[in-house]
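Enquirer: Residue numbers (this note's numbering), protein chains in the order written: chain A, 510 to 1066; chain B, 71 to 520.
Keep in mind that the hints are not guaranteed to be accurate.
[Stated by the list, open to error] Taking lysine to aspartate or glutamate pairs in the EDC-like style, the calculated list, with each CA pair at most 16 Å apart, reads:
(1) Lys498/B / Asp1038/A
(2) Lys249/B / Asp492/B
(3) Lys124/B / Asp628/A
(4) Lys97/B / Glu214/B
(5) Lys498/B / Glu1036/A
(6) Lys823/A / Glu576/A
(7) Lys337/B / Asp382/B
(8) Lys1006/A / Glu473/B
(9) Lys458/B / Asp1015/A
(10) Lys1006/A / Asp472/B
(11) Lys824/A / Glu580/A
(12) Lys930/A / Glu1054/A
(13) Lys690/A / Glu135/B
(14) Lys113/B / Asp984/A
(15) Lys142/B / Glu1054/A
(16) Lys1006/A / Asp492/B
(17) Lys709/A / Asp492/B
(18) Lys1052/A / Glu785/A
(19) Lys443/B / Asp492/B
Since the hints were made in silico from the structure, they are not lab data.
Take a look at the letters that make up each chain.
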Amino acid sequence: MASTSKDHVAENEEALNEKVATDLEPGACLESILNPTDSFEEFASEISTSLEDRKTSLTIKSSTISEIQNEIGDSSKESSLRETKSSDNLQAKNESMSASASNSNLLEENEEESDEKDDYLQSPELVNKEKHVFILSSAGKPIYSRYGNEDKLAGLCGVIQALVSVVEEPNQDILRSINTKDCKAVFLVKGPLILVTVSKSNESETQLVLQLTYAFNQIVSVLTLTQLNRIFEQRRNYDLRRLLSGAERLIDHLFIFMEKDPAFLLGAVRCLPLPEKARENITQAITSTCNKIRDLVFAIMIAGNQLITLVRMKKYTLHPSDIHLLFNLVRSSESFKTAESWTPICLPKFDATGFLHGHVSYISEDCQACLLLLTVQRDAFFPLSQAKHTIAEKLRRSNCLVAINDALNRNKELPTTNPLKHIGIPEIRHFMYKCKSTAQLFTSDPISLDRLQDYRLRHKEGGDITVKKIEKLSDIDYVRNYRQFCNQIHCISTPAKLIFRSNSHDTVLAWVTNGFELYVTFDPLMEKDHAIRAVDRLLHWIKKEEQRIFIMNAPTF
Amino acid sequence: MIDIKNKINSFFIFNSNFGPKEGEELKRILFFHPNQVTPDAQKMQVGLCEAVVKFMTTFSSQPCEALQTQTKRYIFYQPEKSYWMVLVVRIPYATKSVTTGGETKDVIEPSVMYDLLVSAYKIFRMFIGPFKNIPNEEIYSKCEQFFTPYIMSRNIANNISNIIQGINYLPLEKNSFFKVMCFIDLLEINYPEFKCISFVYNDQLIWNGLATNDMLTLYQYLVQTLLPKQVEKEIQGGAVTAAQRHGRFISPSDGIRTAEDLQKLHKVYLMREDDTETKQYYLVIYRTLSATICFTVDVNTNLNIDNFRALDAFIGPQLSTIASSISEQCTLHALQNAQLANSEHKFIYFNRLNLAYKTSTPVSSLTPSTAIKPEVLSIIAGIHSDRKSLGNYGEVIIKTPDEYWIAGKSSNDREFYVIIQDKNANLKDIADEVKRMCEDQMKGIFFYPM
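With the hints as extra help, turn the sequences into a complete structure.
Expert: Take a look at the structure:
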């Protein structure tokens, strides 16, 4: 690798020249399990909407789930049955609480509580937070607050609701954001909900809007869009918290996850690095066991926020953001560890109108991989449970569990455990790579599950802004540093293809081509030609290891 | 000039303490442009801004800076406690600056809008004084008189000189500079109540006697407002110009001939280099050929027309000699520069300490530069306003999808930007080219890293 023959240098020199680089797209493959639509593109469509468009955008289009049900010859009775059932539930809930609901005038409420509100907002529970998140209904009823007690925030929610409607009503305009020097407030009105974040982090407005969209999707994932819309059509003043009990925790975790994991920044999914053979065996075990189960849409195996394999029904792919929600669900639910679970899951990108039914369980006591079997059949628990045991048995026999555990425990002998050491370019401190066509990413220092956990412990009192001297930067710190580069690269008005920035702390190179996005942190004041050469070697290393790092095929049942 | 009507949606100043009770909302509005907006609509706009300001105080100790809606951007500036100036510009939320049919809809940088508010306030304060010192009943008419013409004459567009606000200095060789200095010293000794505060040649500054901040304000007033009008007059005047070779007072605008003219002298609030606080002075401006000098006279001085006549007789011939010698030197300079500037790449240099500003394209307000693409300017504005990320020493190189390379260097308080359009270059080529330009153009100014 140390050879610096003329040819080699020449090739390197051109490495940052688009045309040459398109040949080298580590991780690219023809068919992808993931739908590589960028979340940024989605943002573009989100922001260009006018008020009129917005009202129609959330009306329901055709349902993928019923399409599948029709296709597999299942009775369409099933789905209508399910629909009526869930609405019945809701009806009942509605009636039970309508008596207690107060119809008091919102404005009056604001007046009364405004003093109290001011005090509460200055209380230690709420003051000095890096990022607040408030979710309220369009009638101004609090639904979720990241910190503090949302009951006491009714006043603030009233103010937010008033701001949003003052901008909307006379002028047909939409409130987007408010800035001070150190703080951004970003507003997102989606369907019957208003989502607001007030952040002092270095995340851009676009990144914050995406986070709010995720939070909205998390709610949809619990309720389905159909139900969410119907609730508020029936009762504008409904207190959604009654239906979301338990989901607060999911949203809490989601925000920690989004702040730490570059997967959200890049709109990509991280795969657990595994030897090609092991991954093949795992996929094989799943397909051979499940190919007889007709209504199975997806079989997904994950471990520590990383994807091990995804087997899918032909024609259907998953969007990275749906997978992120599944990661979040699994990570946030301790109960999955103790027993096999049967749970309704709505994947908003796949089909926001209905539930898939999921069999969720960990493979075995000694292996922290979690298997999700998602079906359109409501009562398939037993056949799926049977399938899971068969799969677990096959994996144990083919030594796949050992391979998974090695990867999870970051066995020192694996090249992917400490990639920087393995690549051998001392000037590279950190890198992050996304293959665009498959929406998968790889970083030099993956955040392990326990580190995320640990982060959560450290921040138990919750997201306070602290100034501390950082001795050794972790993955999280590097990723935080990449945020503004990511933002500039994907900036809608003035995008960039390449950014090279060098200062007394570090040198960062951000580079996007048709095939990939790459972010590298070097030592400070790095020479450009050295950086070019290092990046070239880095790409070749990723190419060499691509079978291990990425899922290079798109298996179906 | 720019089509103000289409760009500036509104510009207003409010203070919520002026009409604290319900029903008195209109009293809170000190100024509103355009004035044909109905009072109800004015109240609505101001009410929204008041609410937004209040909302943000719950979360941040910093004053509110911006509000973005789907179609408009509001920029806030609070120059004095409770006094808010707001500029509203029609800018769609985060859209591509698309080129439709050869016409680019350039998006105005928030920083440009903010700077416009700041300079509007500073010029207001220079001539009229801080808001808080103006009696309540006069403030409405004072604002009306000042801001209506001001806002109508303002050019709000992304061009280089708006994105980085600096002062264009004129470098002179030693002897010429000493001539200027001697002239100023001689003048101040002979006429002790006159203090020279600036010496400007064309639109380039040679000598400054004000605190840096006020200098920028006075410089902008001269270069953007007073001198363009003056030059226009001179061009139209044709024959008169020859008679005016020996100079005249240009502020007040009709010159000073009689004792009554002295009453028309502007009073300004300024801080001179050796002052410890802002004081009120008479502002006297004198011009010969392309040289313009500004004096301050303490407001407590008894003005005497004979003094001004004597001053005129003293300055006129001397200044015209100096102006011609500077003019010769400038011609020489221009020739040398023309040889040097054969490169098609553009650059901007800025020093935050003395606000010195130099660019490869002319920045004269009379010939606004449209040579640089708005996207590129916007990237430069981004680098310029984000000082933190380059730190004391740093460098950034950005490549845009349409093959522009933008390089920015920062070294202590100095900044240097280069714009290169080259499809086939790589990072190293660009870095080398930037280094070469830096050495050519900025001889003797040290940039680290090299």
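Enquirer: The structure should be examined with respect to each hint, and the outcome stated for every one.
Expert: To see whether the hints hold, each was checked on the structure:
1. Lys498/B / Asp1038/A: 6 Å, holds
2. Lys249/B / Asp492/B: 45 Å, violated
3. Lys124/B / Asp628/A: 15 Å, holds
4. Lys97/B / Glu214/B: Cα-Cα ~14 Å, so holds.
5. Lys498/B / Glu1036/A: With Cα atoms ~9 Å apart, Lys498/B and Glu1036/A stay inside 16 Å; holds.
6. Lys823/A / Glu576/A: Roughly 13 Å between the alpha carbons, so the hint for Lys823/A and Glu576/A holds.
7. Lys337/B / Asp382/B: 20 Å, violated
8. Lys1006/A / Glu473/B: 9 Å, holds
9. Lys458/B / Asp1015/A: 13 Å, holds
10. Lys1006/A / Asp472/B: It holds: about 9 Å lies between the C-alpha atoms, which stays within 16 Å.
11. Lys824/A / Glu580/A: Judged against 16 Å, a Cα distance of about 12 Å means the pair holds.
12. Lys930/A / Glu1054/A: Cα-Cα ~14 Å, so holds.
13. Lys690/A / Glu135/B: Holds - the C-alpha atoms of Glu135/B and Lys690/A are around 7 Å apart, at most 16 Å.
14. Lys113/B / Asp984/A: Between Lys113/B and Asp984/A the Cα gap is close to 50 Å, so the pair fails against 16 Å, i.e. violated.
15. Lys142/B / Glu1054/A: Violated. Lys142/B to Glu1054/A sits at ~49 Å, over the 16 Å cutoff.
16. Lys1006/A / Asp492/B: 14 Å, holds
17. Lys709/A / Asp492/B: 38 Å, violated
18. Lys1052/A / Glu785/A: 14 Å, holds
19. Lys443/B / Asp492/B: 15 Å, holds
Going through the hint list in order, the structure does not satisfy hints 2, 7, 14, 15 and 17.
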